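S.K.: Model the placement of chain B with the ligand on the given structure of chain A, informed by the hints.
Here the protein sequences line up with chains A and B, keeping their order. The opening residue of the first sequence carries number 1 in our numbering; numbering runs sequentially from there. The opening residue of the second sequence carries number 1 in our numbering; numbering runs sequentially from there.
Keep in mind that the hints were calculated from the coordinates and are not lab data. A hint or two may mislead.
Said to hold, decoys possible - Here are the simulated DSSO-like cross-link-like pairs (lysine-lysine), alpha carbons at most 30 Å apart as the crow flies:
1) B:Lys-189 - B:Lys-178
2) B:Lys-178 - A:Lys-255
3) B:Lys-189 - A:Lys-221
4) A:Lys-163 - B:Lys-178
5) B:Lys-378 - A:Lys-255
None of the values given here were measured: they were computed from a predicted structure.
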Amino acid sequence: MITATIQPTFSAWRGKARELLQRGIRPEDVDWCDATQTPALLMEEPAAYSASPPADIKVPAEFLNLAASVCAHTDERRFAILYRLLYRLTWGGERHLLSHPADPDTRQCQVWAKAIGRDIHKMHAFVRFRLIAVDEATQREQFVAWFEPEYRIVQLATPFFRKRFASMDWSILTPHECAHWDGQDLTFSPGVSKSEVPDADAHDDLWRTYYRSIFNPARLKVQAMQSEMPQKYWKNLPEAQIIHELISSSGERMKQMIATPERPVKPMPDNAYLKKLHGRKRPEPLLDKEQDAVES
Amino acid sequence: MELTRKLEILADAAKYDASCASSGAARKDSRDGKGIGSTGGMGICHSYTPDGRCVSLLKVLLTNACLYDCHYCINRRSSNVQRARFTPEEVVQLTLDFYKRNYIEGLFLSSGIVRSADFTMEQVIEVARQLREVHHFRGYIHLKTIPEASQELIEKAGRYADRISINVELPTQEGLDKLAPEKNLANTKQAMGGIRVKIEETVTARKDARQIRNAPRAKAPVFATGQSTQMIVGADESSDALVLARADELYRDYRLRRVYYSGFSPIPEPSVLLPIKPPPLVREHRLYQADWLLRFYGFDVGELLPKEEPNLDLELDPKLAWALRNRHLFPVDVNRAPRELLWRIPGLGTVNVERIVAARRHSRLRLIDLQRMRVSLKKVLPFIIAADHSPRVAVLEDANLRHRFLPAPRQLELNFNAPPPATPQDALMALSGQL
Ligand code: SF4
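For reference, chain A alone in the conformation it holds in the complex (with noise of 0.2 Å):
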């Protein structure tokens, strides 16, 4: 048995796997460990010795791009699993693998990668940025934001800010590791805690107002909100504060809706154009051939 004890990193996990890979090694034999779980008593295993490796070992595109993901994934077995997918890919010649969703590696992996998507398209959501200064010299604007992703994704989800807010400074903090922007490069620092970060921007108000008044209280919705803005990120959010308000005010707005007396239509004011439009005839015929159809 094979202990591999890699930083939990899609590039360690490649660099490792490449290697037991050239080396014929079985998935059964390699027991996967996260470097930072393990205590470090663990000793490291023997220097690999060099055997033949095999030609240049070629996979699809396809599985790097579903390996990196995984790999951003929290389960311990998931070093493990993406290994003998590997293995059967490669040395077992199941090279169609990957389009076989009914096989349990692959399956596996696919719902790995699935939940590493929700999270990234999360944090492009609910990053709210801050603006904290504006730099004298090159006159940028300076955001910073705070969010706390469930997996391992900032280095997977910052290039679509980079092209986006290319034109900004940014940085976004996370407990596990921070992404920063300047106007060249995008570039990575260890996670910080939350009390770094400025926690409130001056248009929080006004989103806060839009947000208060793009909602309809007369079609309350709770779950179908929560599904989708879980409560986990509320804490970050500055429009979540007023959700628990929304929803207790409702009942009684949409009362004074209905106890509101109808309005009477007001008659036409005096206008060319609108003149115009009630004076044209109307080609139209009232029943259409779709709705002859239907009602005939």
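M.R.: Leaving out everything else, chain B with the ligand in the frame of chain A:
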């Protein structure tokens, strides 16, 4: 008037428009360091309000003053709502400030009609122009268009916007005559036809521009990539069959990206012409499901809504309701049936159908395989044959099959720590005295 108050009034005035999509725009970004924003691919919902709706765009009216008298609308001239007007600069600044904080994907701008269709359209276009040309904004812009505006202005709007839309509002001209006397279906269709032609021309021209390799940077024309519309449901008598037939026509003849269905909801300034009771929210949901079946599952309107049943079953999803009416077509063998038939199995979505088609090349599928693909067995079992399963004939013939699928007794939607506040339904009941 203060900006906050304007925002309150003009967002409130815009909230009855259901469209919020920010997907399907051409790919663009701001990596060149000039300007800000990006679009392309999937749209993003940056928040959700407690009505379950996605908040993707800053959705506002430029002004809620309006000459028209559409009775379902809070902004109609007969309403006593407070009026406000943004300057174009105010909307531009709000959009940029919100965008930089990652609150939104972009702007959805509409307006009440002041003076004339062309005058109003020009104001709306000015906002988009400033965003694109002065600030190099590359986020999403959706502009609401007035069908009576000149073709030239509609084309100009399309050059700045990612999406443009015109609301048909109601499925028939009769309905419009009664509830929106200034609106005209023929004009709307004509304008949609014009937009369709522009969109298609642009797609072709873009392709051509890509093919001319050596031409020094052949410049592709810019135009919106899609149009959409909205229909209000439950404000007039129209049946679901009528609503869907109209939607189907719009998808086919005008290549609309989306038709939004908006259950008419009570507004603060009710009109005497409107029903007091809103349609059940689930009706809107069923319409969306049926719309999906029309677009992606090969159904047609007549199949979903046969003459004797012109309205969708509120208790069952429309595919299941169809299957129960057409039991003689089942069971379907998941190992053999063509895609088109798999699409018709209740409980199977297009994604799972693709998975099944891929997986059955490798081995004959058993129930455990389906389960791994996260197919809901409970729903599909009566309708399928798998390697280790075929339903008892009696199940499909059972007159009570329908009951098996009825939803469990309703639970309260509001499940917070505090005792649930009264729901809008409660309020209605209290007022009308009925249960
Ligand atoms: S045109 Fe009709 S729907 Fe549009 S704002 Fe005016 S009254 Fe409302």
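S.K.: Hint by hint, say whether it matches the structure.
M.R.: Do the hints match the structure? See the list:
For the given pair, Lys-189 (chain B) sits about 19 Å from Lys-178 (chain B) by alpha-carbon distance, which is consistent with the 30 Å threshold. Only pairs whose Cα atoms come within 30 Å are accepted, and Lys-178 (chain B) paired with Lys-255 (chain A) is accepted, the gap being roughly 27 Å. With a CA separation close to 34 Å, the supplied pair Lys-189 (chain B) and Lys-221 (chain A) exceeds the 30 Å bound. Pair hint Lys-163 (chain A) plus Lys-178 (chain B) does not hold up; C-alpha atoms about 49 Å apart against a cutoff of 30 Å.
With a CA separation close to 41 Å, the supplied pair Lys-378 (chain B) and Lys-255 (chain A) exceeds the 30 Å bound.
Violated hints, listed in ascending order, are 3, 4 and 5; each of the other numbered hints is respected by the structure.
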